[in-house]
Amino acid sequence: MLIGLLTAVAASICYGTGSVLQAVGSRKSARREAAAAGPATGQVTAHGGPSLSSTAQAAMTWEFIVGTVLDFVGFGLGALAARLLPLFLSQTVISANLVITAALSVKLLGIRLTRAEWTSIAVVCSALVLLASAAGPEGSGHTPITTHWWLLTISLLLMAGGTVLVRLLGARTAILAGLLSGLGFGALGVGVRVLNGIDPFALGTLLTDPALYAILVAGIGGMYLHTVALQIGSVNGATAALVVGETVLPGMIGVWWLGDASRTGFAWLAVTGFVLAVTGAVAVAWFGAPENAGKDAPAPADTPTQNPELAQNRAS
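Letter by letter, the sequence shown follows residues -2 to 313 in this note's numbering.
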């Protein structure tokens, strides 16, 4: 249990730091492209969402690259934690990267957190302590192969549908993109738990398991949607929406189908901690929504077409 908790905390630190660095890279790229392109630019779609070229250019900044490396490290650590802990605990601890994101955004993005946001973050931290205290042994993770095919199908639909939605609806979908990316990472956690061919290791079994490809689809799609959310919306709000998607449904799946459980007599504490963690995350999303109106806002001469951050501010 202790090794699993330490692994999940390390994954959380990697993800939180990576999110802020990716936000820095995304916003630097947006300002640079807006300044170079002038009034006519391909940075956004006709609906106000970031174009694929804009997202690709954001991914070429050194901050974004370092953030992505940290995401991959966090992915590996998170996958290990999902094998060692109940999903409702591992996913919630990993999603505490929201705290890291909020703290670093003060320094790196010049964002001022309100008392309500700090209070919400404190609620999340307290909830994690309750969850860790109540967590029992993780389930076996053994499921029929048809479940693995369903996981792959749902992952494909979520990621493909999410990509289409953010391109059609534009700057209004920042929170939705964050939520869908969280669902992707949640599907990744479920896939890791049910993956065959790991213990004992069997390469043939591993490569023919649909859960392996669900992990790849959900991981890559989730990372893309999270990048889009960081481009067009509040870094804290997008990350908080990710927290909800990453914890609620996977936690329920772990309890209902994978055999995860709390310690005997501590179910009430686990439920309380889980509800508080999700509520705190939603509160951060709610209170953090106006953050783009601060230092990160572009000069008045910029237009909504030139800068997705400004478009998001005006849309709200």
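Since the hints were made in silico from the structure, they are not lab data. Any given hint might turn out to be false.
Quick list of in silico lysine to any residue cross-link-like pairs, SDA-like style, CA-CA up to 20 angstroms [said to hold, decoys possible]:
#1 K25 to V103
#2 K25 to L81
#3 K25 to L106
#4 K25 to L77
#5 K25 to P197
#6 K25 to W59
#7 K25 to L3
#8 K25 to V66
#9 K104 to W115
#10 K25 to L105
#11 K104 to S123
#12 K25 to G107
#13 K104 to V161
#14 K25 to A119
#15 K104 to V63
#16 K104 to L81
#17 K104 to I217
#18 K104 to W59
#19 K104 to T58
#20 K25 to V70
#21 K25 to R109
#22 K25 to I0
Label pairs and their in silico Cβ distance ranges [stated by the list, open to error]:
#23 V268 to V63: 15 to 25 angstroms
#24 T111 to V272: 39 to 49 angstroms
#25 L105 to G73: 43 to 53 angstroms
#26 G107 to G194: 45 to 55 angstroms
#27 A157 to D196: 45 to 55 angstroms
#28 T111 to D196: 29 to 39 angstroms
#29 C122 to T202: 13 to 23 angstroms
#30 A100 to P141: 15 to 25 angstroms
#31 L200 to T150: 21 to 31 angstroms
Cβ atoms here follow ideal geometry from the backbone N, Cα and C, with glycine treated the same way.
To see whether the hints hold, each was checked on the structure:
no.	hint	verdict
1	K25 to V103	holds (16 angstroms)
2	K25 to L81	violated (38 angstroms)
3	K25 to L106	holds (11 angstroms)
4	K25 to L77	violated (33 angstroms)
5	K25 to P197	violated (46 angstroms)
6	K25 to W59	holds (10 angstroms)
7	K25 to L3	violated (33 angstroms)
8	K25 to V66	holds (18 angstroms)
9	K104 to W115	holds (15 angstroms)
10	K25 to L105	holds (12 angstroms)
11	K104 to S123	violated (24 angstroms)
12	K25 to G107	holds (13 angstroms)
13	K104 to V161	violated (34 angstroms)
14	K25 to A119	violated (30 angstroms)
15	K104 to V63	holds (17 angstroms)
16	K104 to L81	violated (34 angstroms)
17	K104 to I217	violated (28 angstroms)
18	K104 to W59	holds (18 angstroms)
19	K104 to T58	holds (19 angstroms)
20	K25 to V70	violated (24 angstroms)
21	K25 to R109	holds (19 angstroms)
22	K25 to I0	violated (38 angstroms)
23	V268 to V63: 15 to 25 angstroms	violated (38 angstroms)
24	T111 to V272: 39 to 49 angstroms	violated (23 angstroms)
25	L105 to G73: 43 to 53 angstroms	violated (24 angstroms)
26	G107 to G194: 45 to 55 angstroms	holds (47 angstroms)
27	A157 to D196: 45 to 55 angstroms	violated (32 angstroms)
28	T111 to D196: 29 to 39 angstroms	violated (46 angstroms)
29	C122 to T202: 13 to 23 angstroms	violated (40 angstroms)
30	A100 to P141: 15 to 25 angstroms	violated (43 angstroms)
31	L200 to T150: 21 to 31 angstroms	holds (24 angstroms)
Figure legend: structure checked against the earlier numbered hints; hints not met, in rising order: 2, 4, 5, 7, 11, 13, 14, 16, 17, 20, 22, 23, 24, 25, 27, 28, 29, 30.
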